[in-house]
Amino acid sequence: MEDVMVRDPFKSEEAIDFTGENIGDFLLNVLTVGLYNQPDLIVREYVQNSHDAILDWPDQPSPGRVDIRIAWPNVHIFDDGPGMDRDELLHAMSNLGKSFKNISESSGFMGIGKLAGLSMASRVEIHSSKFGIPERNWVVFNADEMLTGIWERRVKGDHRSILETLNRHTGVNPAPLLENPSSHYTAVHLLDIHEEYREKLTDCEGFIRSIGLVAPVIQDPSFEHAEEIETMLRSNIPEHYRPIGIFVNGKPVYRPYVEGLSRPKEIQVIDDEGDLLAYGWACLNTASERYKRQITEDDLRGIALMQRGIAIGTRSLPEDMELYSSVGNLIYFRWYCGELYIVDPKIVVSTDRTRIRQSSHTVDFIGRASREFKRLAKYAESFANRDNAEVVVKDRIEQVVKIEEQVKSGITRDHLPRILSELGRARSDIEKRKRHLAGTKTEKQAEKAEKKVGEILDLLISAQQGDVESERQDDTLPLSDVVVDQIAEVESVETIVVLDIPEKLDFSPRETHIYSTIMEAIADACGGRETAEFTRIAAAIESALIEIFGEANTEDIE
Amino acid sequence: MRAFSSVGKDLARRDDSSIIAELSRKAGRKLSYLGLPSPWMGDVLAWKPFLARVFAVEQEKRYLSHLMDTAYAYGLVNQVVYFWGDIDEIMKSQVDEYGQSTADVFPIDLINLDYCRGLDYQEFKKLSTLESLITRQRQSLLAGRLSASFPYFLVLLTHNLPYREGDPTAKRKYIRFLIRDVKYYAESLREQVYTSYEWYLSAECPSAYPHKCFVMGKFFACAQRNGFKAVPRKVVQYSGDKDAVMLHYQFQITPVSLRSPVPVDNKLDVIDILNYPVLSCEGEDINPDRPVIRV
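Protein sequences, first through last, are from chains A and B. Quick note: the first sequence, position 141, residue 141 per our numbering, numbers continuous. Quick note: the second sequence, position 200, residue 200 per our numbering, numbers continuous.
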């Protein structure tokens with residue numbers, strides 16, 4: 001030992017002699033149980049294999065489709081791909097952790113996906129009949145026996161080798177069965193599925209929806225923009241957008257959708273050479289008023305990242321990956337529903353398809369994508385500003401008309417402070433929001449309303465001078481000097497520059513997001529942003545925030 | 001796992017196709033099927049053009065995936081619903097081994113009970129299955145599922161001839177039971193019935209004939225008890241798997257008085273049963289010289 005150390009202690013390491021014998025069978029438990037615990041994701045894994053098989057068969061005699069039959073406690077998944085002959089089936093099933101697919105042309109768990117069902121079903125059978133060969137062959141994994149055995153041995157501190165366990169609990173048919181000569185299929189039979197999966201699998205509608213969210217299917221034909229989206233995807237990324245027909249108990253599976261969305265906007269992420277890295281679409285929810293615009297279904301809210309039509313993670317992934325980092329307010333993406341298909345082969349998805357692997361290439365991609373998302377955010381912001389302006393300005397115009405009527409029909413001295421305050425707020429709100437209404441009918445109405453505010457104020461001032469005094473009762477005007485001061489105050493409102501709190505206090509995107517969420521919740525609870533209750537609470541929060549956090553920026557605020 | 005099939009079986013199935021097609025035409029729709037199709041589903045595939053739903057009962061759990069493979073290979077995957085377990089038990093309990101209820105599948109248009117074994121004379125388990133099936137049909141029709149598009153239903157029944165099974169005197173006892181009221185018949189008719197009875201007990205009577213009497217007698221009684229009229233369309237003997245002698249029956253069952261079932265036996269039924277020919281799969285009477293009772 002000393003000699004070795006003296007000779008060359010830093011000599012290159014020597015290989016450890018791993019054999020099947022010294023790899024314990026608990027590894028199988030880790031592999032299978034660790035893959036997924038959601039039945040839709042387990043089924044997706046097999047659908048993905050089917051999708052790859054169908055797409056890799058150029059001479060497919062019919063459009064590819066996958067049929068899923070749920071016959072609790074069993075699930076049968078069939079695809080009409082080319083199928084496998086006995087040797088191909090054995091080769092595919094006996095190789096674990098080896099994928100023979102080109103990573104850029106397929107998507108998968110790198111040869112482990114076929115084990116996904118072992119954690120869910122007591123027995124997994126994979127049957128296949130190859131096109132042109134009238135034979136049926138099958139491989140069986142006795143999952144329950146295998147995993148129970150592994151656990152029992154583990155409890156006793158015992159183990160077997162992974163090879164021994166696999167050999168003991170898997171099998172192949174001794175001789176092929178005759179099959180319909182024109183048949184070609186691969187079937188995955190998940191048999192005796194464990195009870196905890198019952199609820200999700202027997203809720204057929206729910207299961208169809210969850211498969212529709214993650215599988216390579218077309219948009220629901222009932223979705224008003226489905227055709228346009230299909231055309232966009234098929235003409236821009238034909239190699240990467242290749243949906244197949246998927247049916248659950250005979251019912252077609254489509255991508256779920258949200259009603260009331262605007263026309264799709266294109267998302268294109270392009271590198272410096274002009275090559276497309278990702279392509280997609282996003283539709284804005286055009287429901288009026290901010291707190292109604294958020295898409296309520298959280299599995300459809302935001303932009304889904306896709307690869308070959310299969311979802312990567314959930315719709316919160318872009319946020320987690322900071323794809324929205326260039327956007328000040330993340331709320332805008334709660335108003336969008338869309339998909340972004342990653343077509344860059346250098347972007348690698350994690351094996352469990354929950355995220356994208358970090359690399360310098362990914363960082364570059366995130367930077368480029370976030371610029372595209374900023375564009376979407378700006379569009380959403382401008383829509384929101386216009387919509388909010390429409391709502392607020394119309395409300396203020398109505399208010400001005402009412403005040404005018406009140407003033408004309410006579411007001412008491414007691415009413416005056418309130419009327420002046422309302423007029424001031426109306427004028428200020430109209431003035432602030434008018435710029436978002438350029439070219440609209442409301443813009444003209446707003447201008448008229450502003451004039452009207454001026455006229456009412458004139459009327460009130462002239463009342464001070466006694467012009468309208470004769471028309472009033474004893475307890476009404478003339479106005480006092482105090483009132484005239486109030487009028488002056490109202491007239492000066494338009495000169496105040498109003499900044500949002502996040503802008504005033506220089507909030508980070510996250511802080512802005514939290515602030516917006518809180519304010520939205522308060523607005524919701526108060527019955528809208530235009531209510532007096534909301535105004536009061538918002539003012540209190542704003543003043544508290546300015547007091548605590550605004551010192552450093554006092555000058556800016558002022 | 002090996003397919004049970006033979007030339008005779010194929011001929012019988014082809015013959016069944018014509019009455020199945022006829023029912024489909026009369027009902028104006030495709031039919032529902034309940035049976036024991038095995039993973040090969042030979043009967044279902046033969047009658048596929050007339051079937052809308054297939055309720056398959058499979059006793060062997062390990063065959064279920066193969067049953068679905070076959071259904072898929074022949075474009076039936078979304079039409080097949082399977083029940084796992086012994087049909088006799090399932091019909092008795094109305095649930096299969098998975099706990100899946102069979103209640104909603106009735107009424108069925110076509111019931112095909114293709115038993116590879118015999119219908120035992122002494123333990124009437126399989127006959128009680130028939131009784132349960134027919135009772136379920138009645139209950140579902142009474143529950144409001146009877147409509148103009150349900151003119152009648154078909155029961156196809158296949159069993160082998162169990163030469164060595166059961167009590168050898170049972171056939172004789174049963175035929176004696178069938179003709180128990182013959183003493184009230186007119187003399188000429190009574191004599192004919194006795195002649196026929198003697199022939200049934202003689203060595204020249206092929207074993208298919210007493211079996212036919214047993215199955216038809218039991219089946220008619222069962223149908224009548226439930227307010228149906230059973231009419232045989234054909235009884236065929238053919239050579240099955242491993243040259244087993246098989247008997248195949250076609251029954252047409254029409255609802256007549258579901259709410260107040262009519263009395264079980266009548267004279268005409270007994271004479272019909274005794275007279276009814278057993279055909280070979282080529283359509284010829286297997287014993288053309290048997291005595292025929294003239295009413």
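Don't read these hints as lab results, they were simulated from the structure. Remember, predicted model here, so these are calculated numbers, not experimental data. All residues carry an ideal CB built from backbone N, CA and C; glycine is no exception. Hints are supplied without guarantee of correctness; some may be wrong.
[Stated by the list, open to error] One-sided excerpt, in silico: chain B residues whose CB lies under 8 Å from chain A:
(1) Y63
(2) L64
(3) S65
(4) M68
(5) D69
(6) Y72
(7) A73
(8) N78
(9) V95
(10) Y194
(11) Y197
Which of the numbered hints are not met once you compare them with the structure shown? 1, 9, 10, 11
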